[in-house]
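Asker: If you want the building blocks of each chain, they are given just below.
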Amino acid sequence: MELALFVAQWTMRAERELEGMSQSYDANRWKRVDDWDARTLRLDRFAVEDPENGFSAFSGSADPSPGVGIKAGKVVSMDGVPAEEFDLIDAFIATYHIDPEIAEKAMAIPSVELARMLVDMNVPRTELTRLARGLTPAKLAEAVAQLNAMEIAFAYSKMRARQTPGNQAHVTNAKDDPLQLAADAAIAVALGFDEIETTMRVARNSWSNALACCIGSAVGRAGTLFQCSSEEAEELEIGMAGFTSYAETVSVYGTESAFIDGDDTPWSKAWLAAAYASRGIKMRCTSGAAAELLMGFHEAKSLLYLEARCLCLQRGMGSQGTQNGGIDGAPLAASMPGGVREIMAENLIAVWLDLECASGNDARHSESDMRVAAKVLPYLIGGSDLICSGFGSILKYDNSFNPSSFNGEELEEFLVLQRDFEADGGLTAVEDARALDLRRRAIDALSHVLKDLGLAEATEVMKRSVAVASGSNDTDTFATRDVGLISDKIAGDRVSVLDVIRSLHRGGFFDEAENLLFLVKLRVSGDYLQTSAVVRDGRVISAINDPNNYTGPGTGHRVSEARRQELAAIRDVLDRDEVLRAEAASEMGEAKAIRYHSMGAADPGTDPTEIVVGVSPGFGTKIFRTLAGHRLSAVQRALKAGIERGGGTMRLVRFWHTADTSFLGLSAARLSGTGVGIGIQSKGTAVIHQKDRRPHNNLELFSNAPITTLEHYEMMAFNATVYARGKLPDPVVVPTQGEALGARFHARVALIYAIETDMTEDGATPEDLTITFLKDS
Amino acid sequence: MADTPLTARDYPIAETSPDDVTGNRGKALSSLTMEAVLSGDISMEDLRITPRALEQQAEISKSVGRSTLAKNFERAAEMAQIPQDEVMAIYELLRPGRAASKDSLLDVAQKLRDELNAPLLADFIEEASRFYEMRGLFQKRY
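Line by line, the protein sequences are chains A and B.
Start counting the first sequence at 0; every next residue gets the next number (numbering that gives the first Met the number 0).
Start counting the second sequence at 0; every next residue gets the next number (numbering that gives the first Met the number 0).
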């Protein structure tokens, strides 16, 4: 008891003190900073530039000057290092990347001149890729560093290898649930992703993940390439069993120590590159800014210089492409000044070296949605072979790689950005009902194969829960342990893609069987091993048969009219019919709530208590609710109540010559016995006006209809009576919380307003109305 | 014709010559049908790329100035006939500290040249061995 009393007293005192504090003006910093602290941006940590310690985007303290020495057709020095001092990376680049035939000539071109050529639309891409074969890492880095972010973006768009842009999705989930993987893979395919990539929470589940995504990606259309990111040897085995068609886990690093710490050498990675090709599997390498810094082996060199080394290495290895642009190091790169510009610059080097570029935009570099959108924009509008090298097609928590820049949550934002800029980001909206059909189809196909091959049996509950689930938190499905057993059995039974094709066919999944056969046949010809290859409409397109030929406006990738229509077709788009349909639904309710009676032509009034309320042509005839959703009958009641509270008399007049709020108000005032009137549009925008004022110089304006309440209408009407008595009331303030009302309402506003203006007629006579409120109002 | 290197005009070869492109047992791409799969006539070997297809892809990449990619395809053409275990064993040996000395890499190179008909891969391993020695990569790491 005593304690409780003490606590109560103490709490009261604390509250009083807190209250005092909040009213105190003695704070030692501006409160705006507290507001900033509360924003997600402030979850990002930023780092100071420190070139000695590897924190420099463009100018490391140990970055070398560009240079090359060629003797007897061999590189004898490169970027200030003589051949006998080459580390493994220098040695590999000098041996396999540098073309001695062109090196001296290319290196003699000043970097600023090379930079100008990159942004000169009259210099063809092929001339620049030819020169790049003779350029050293330091020279490539020095040249792109001359460009500002806009120039880099432009040069990237001109230099990327394949003309048609594309995109890649991550398909993973927190339970490694094969049913969900299949369903989500089918969705990724329907959205238009050219490639999908999976990985596992538990390494052992790799075969199960591969089978599930492989089947899911065969639903709906053929040709989506698929990879299962796992341990090198196993990944190749899964590929050889025919489940996967590409790989991008061949990571390279820009310093020898980081490379060796990654347990590889340029030669071992180049061996792997050939190994994938020898099995007919598409392959790209991976590198990105700040990987070396994260691993602790930066050698005081800049992010860009180290990346230039990585990229020359990749070209030297004969990799057709690269996953490049920060990648896992993107958040660290973005913590530095110029870090995001550097990420763009390294991507530019990649395409200058004629590599396919899966341009990062995967590992989310910021908690700020704004920083994320700003970073992706150049790639969206300029195009990229694969804009995101992992767009999270699933929810953030289901992404086993880590959240991407864009995820299942933000997918529609990406679709809208495409629509805004009429830019082809590779994706197309999938209609609701179709999405569910595809998910069910994928789940059924996989469930059949699991049962048919004696791997597992999915229950109806599992299937149904997964079909409608947004993410794995919503599913009632296989336990992770069961997935391990499924995976072991696939590997143990040596199940191949042919077994899966036959099983699908047995189960009546004919299209899926055909789609899978199509995909696996790609490896026989090896056409998709060429630079930037993807499959579109059943055909391999690559930098060979779809080369980027940009040489200025009218060339390069252009959005066709058909594609433009697809980009425009997002969900839930408003049109005039939609507005009228919504109003028709309200009309019946209003018919039971209010009746307007026409009393003929309205003349100027003489009643000294009269406030004329002037309504627009569509008010209660075609439009029945304000933007805030108030029934117009309720608005009329509120106005009437307010006028009567002020001792006035309401007279209702409909104007047919205008639907403009100001003119409705002024016209009402001029008919009013007191000279004060209210004008109101059917969408709820209102004004108090006085007969001697200029049209747009009103007494009070209520422009924010979406947030105007019935109480506000009542107070407005009351104020009109105060003005009528020649007094000055407290103007009614409709408080805003900073809503982007234009974005929320203007499409509807414009449509409603067009409906109203269509009803107006020049010089039409106003009409007196009386209203009867019925029982439902 | 067979001696004329392919160019970008011959690409994609699956479209321009579906009867000439074959899997590893000589079955033409055009004969890899669903019926054949269902009847059990097709094995994974039939879906395996051949050295010839890889050489053709090398010719195509060379024709558009991608010499390094072409070289990778040429190495891959040699590797296509090497058993998987062997490919992975050599990969393992190329990783840092796996080979105890230059000789073990040179032994592999010799085998590639003499037994596996893979002179480009042999050169590649010999080159690696030279640089590994220069950089002291023959130390055990774990």
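A few of these clues could be false.
Listed next, with one range per pair, are the computed distances between beta-carbon atoms [to be verified]: (1) T125(A) / D2(B): 44 to 52 Å; (2) N401(A) / G25(B): 33 to 41 Å; (3) N116(B) / L484(A): 39 to 47 Å; (4) N401(A) / S30(B): 54 to 62 Å; (5) P552(A) / E132(B): 51 to 59 Å; (6) G491(A) / N116(B): 42 to 50 Å; (7) L484(A) / D106(B): 38 to 46 Å; (8) E577(A) / E44(B): 53 to 61 Å.
Derived PhoX-like pairs: lysine-lysine, alpha-carbon spacing no greater than 25 Å straight-line [what the hints assert, rightly or not]: (9) K462(A) / K488(A); (10) K104(A) / K139(B); (11) K450(A) / K462(A); (12) K101(B) / K139(B); (13) K73(A) / K30(A); (14) K726(A) / K690(A); (15) K395(A) / K462(A); (16) K61(B) / K73(A); (17) K73(A) / K139(B).
For the record, the hints were derived by calculation from the structure and aren't laboratory data.
All residues carry an ideal CB built from backbone N, CA and C; glycine is no exception.
Asker: Give a verdict on every hint.
Answerer: How the hints compare with the structure:
1. Roughly 27 Å separates the CB atoms of T125(A) and D2(B), a value that falls outside the hinted 44 to 52 Å.
2. At about 46 Å, the CB distance of N401(A) to G25(B) disagrees with the hint of 33 to 41 Å.
3. One distance hint, 39 to 47 Å for the beta-carbon pair N116(B) and L484(A), holds here, with the actual separation near 42 Å.
4. Taken as a hint, the range 54 to 62 Å is violated for the pair N401(A) and S30(B), whose Cβ atoms sit roughly 45 Å apart.
5. With their beta carbons about 55 Å apart, P552(A) and E132(B) fall inside the hinted range of 51 to 59 Å.
6. Taking the beta carbon of each, G491(A) and N116(B) are about 34 Å apart, not inside 42 to 50 Å as hinted.
7. Evaluation of the 38 to 46 Å hint for L484(A) and D106(B) yields a pass: the beta carbon distance comes to about 42 Å.
8. For E577(A) paired with E44(B), a C-beta distance near 58 Å keeps the hint of 53 to 61 Å intact.
9. Between K462(A) and K488(A) the CA atoms are separated by roughly 21 Å; this keeps the pair inside 25 Å, and the hint holds.
10. Taking the CA atoms of K104(A) and K139(B), the gap is near 43 Å; set against the 25 Å cutoff, the hint is violated.
11. Annotation: proposed proximity of K450(A) to K462(A) holds, straight-line Cα distance about 13 Å (limit 25 Å).
12. Distance restraint check for K101(B) and K139(B): the Cα-Cα separation of roughly 13 Å lies within the 25 Å cut-off, and the hinted pair is therefore satisfied.
13. Proximity of K73(A) to K30(A) is assessed by CA-CA distance (about 65 Å); at most 25 Å being required, the pair is judged violated.
14. Pair hint K726(A) plus K690(A) holds up; C-alpha atoms about 16 Å apart against a cutoff of 25 Å.
15. Between K395(A) and K462(A) the CA atoms are separated by roughly 22 Å; this keeps the pair inside 25 Å, and the hint holds.
16. Restraint check: the Cα-Cα separation between K61(B) and K73(A) comes to about 21 Å, which is no more than 25 Å; the hinted pair holds.
17. Distance check on the hinted pair: K73(A) and K139(B) sit about 32 Å apart at the alpha-carbon level, beyond 25 Å; violated.
Figure legend: structure checked against the earlier numbered hints; hints not met, in rising order: 1, 2, 4, 6, 10, 13 and 17.
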